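Using the sequences and the accompanying hints, generate a full structural model.
Be aware that the sequence shown starts at 0, since it is given in numbering that gives the first Met the number 0, and climbs by one per residue.
These are calculated hints, taken from the structure and not from any lab test.
Since the model is a prediction, treat every value here as computed from it, not as a measurement.
From the three backbone atoms N, C-alpha and C, an ideal C-beta is built for every residue, glycine too.
A portion of the hints provided could be inaccurate.
Stated by the list, open to error - Estimated spans, in silico, between C-beta atoms of each pair: (1) 24 with 1: 33 to 39 Å; (2) 2 with 37: 36 to 42 Å; (3) 40 with 1: 33 to 39 Å; (4) 2 with 40: 31 to 37 Å; (5) 3 with 53: 15 to 21 Å; (6) 41 with 11: 18 to 24 Å; (7) 35 with 8: 27 to 33 Å; (8) 3 with 49: 18 to 24 Å.
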Amino acid sequence: MFTTVLRHFSWLIKVRKSRLALARLDPDRLEDIGISRIEADQETKRSFWDAPANWVHW
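Below, the structure written as C-alpha coordinates:
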(Lines of atoms letter the chains of each structure in order from A and count residues from 1; the text may use other names and numbers.)
(Lines give C-alpha, C1' and ligand atoms only; values in the text may rest on other atoms or scores of the structure.)
Protein backbone atom coordinates (compact mmCIF):
# COMPACT_ATOMS: atom_id res chain seq x y z
CA MET A 1 0.00 0.00 0.00
CA PHE A 2 2.78 2.45 0.87
CA THR A 3 4.38 1.80 -2.52
CA THR A 4 1.12 2.62 -4.29
CA VAL A 5 0.74 5.87 -2.35
CA LEU A 6 4.35 6.77 -3.11
CA ARG A 7 3.87 6.10 -6.83
CA HIS A 8 0.71 8.18 -6.89
CA PHE A 9 2.42 11.07 -5.10
CA SER A 10 5.35 10.86 -7.51
CA TRP A 11 2.93 10.97 -10.46
CA LEU A 12 1.20 14.06 -9.04
CA ILE A 13 4.56 15.81 -8.78
CA LYS A 14 5.36 14.93 -12.41
CA VAL A 15 2.02 16.37 -13.55
CA ARG A 16 2.71 19.61 -11.68
CA LYS A 17 6.23 19.89 -13.09
CA SER A 18 4.94 19.29 -16.62
CA ARG A 19 2.38 22.04 -16.25
CA LEU A 20 4.96 24.45 -14.86
CA ALA A 21 7.25 23.68 -17.81
CA LEU A 22 4.36 24.36 -20.17
CA ALA A 23 3.80 27.74 -18.52
CA ARG A 24 7.41 28.71 -19.22
CA LEU A 25 7.32 27.98 -22.95
CA ASP A 26 7.65 30.95 -25.26
CA PRO A 27 5.07 31.57 -28.03
CA ASP A 28 7.25 29.98 -30.73
CA ARG A 29 7.59 26.74 -28.74
CA LEU A 30 3.86 26.66 -28.02
CA GLU A 31 3.20 27.06 -31.74
CA ASP A 32 5.58 24.15 -32.40
CA ILE A 33 3.43 21.87 -30.25
CA GLY A 34 0.18 23.27 -31.63
CA ILE A 35 -1.33 25.06 -28.67
CA SER A 36 -2.07 28.69 -27.93
CA ARG A 37 -0.97 30.71 -24.92
CA ILE A 38 -4.59 30.68 -23.72
CA GLU A 39 -4.71 26.87 -23.87
CA ALA A 40 -1.36 26.63 -22.09
CA ASP A 41 -2.54 29.02 -19.37
CA GLN A 42 -5.76 27.02 -18.90
CA GLU A 43 -3.80 23.78 -18.54
CA THR A 44 -1.34 25.39 -16.15
CA LYS A 45 -4.14 26.58 -13.86
CA ARG A 46 -5.56 23.08 -13.44
CA SER A 47 -4.94 21.36 -10.11
CA PHE A 48 -2.15 18.80 -10.11
CA TRP A 49 -4.62 16.01 -9.32
CA ASP A 50 -6.84 17.05 -12.25
CA ALA A 51 -5.23 15.13 -15.09
CA PRO A 52 -6.69 12.95 -17.84
CA ALA A 53 -6.89 9.26 -17.03
CA ASN A 54 -4.56 8.42 -19.93
CA TRP A 55 -1.77 10.33 -18.13
CA VAL A 56 -1.79 7.84 -15.26
CA HIS A 57 1.26 5.58 -15.34
CA TRP A 58 1.30 4.05 -11.88
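Okay, the hints, checked on the actual structure:
1. Roughly 36 Å separates the CB atoms of residue 24 and residue 1, a value that falls within the hinted 33 to 39 Å.
2. Restraint check, residue 2 to residue 37: a C-beta distance of roughly 39 Å satisfies the suggested window 36 to 42 Å.
3. Roughly 36 Å separates the CB atoms of residue 40 and residue 1, a value that falls within the hinted 33 to 39 Å.
4. Look at residue 2 against residue 40: about 35 Å separates their beta carbons, and that is inside 31 to 37 Å.
5. Restraint check, residue 3 to residue 53: a C-beta distance of roughly 19 Å satisfies the suggested window 15 to 21 Å.
6. Range check, residue 41 to residue 11: about 19 Å between beta-carbon atoms, so the 18 to 24 Å window is met.
7. Roughly 31 Å separates the CB atoms of residue 35 and residue 8, a value that falls within the hinted 27 to 33 Å.
8. With their beta carbons about 20 Å apart, residue 3 and residue 49 fall inside the hinted range of 18 to 24 Å.
Comparing the model with each numbered hint stated earlier shows that all of them hold.
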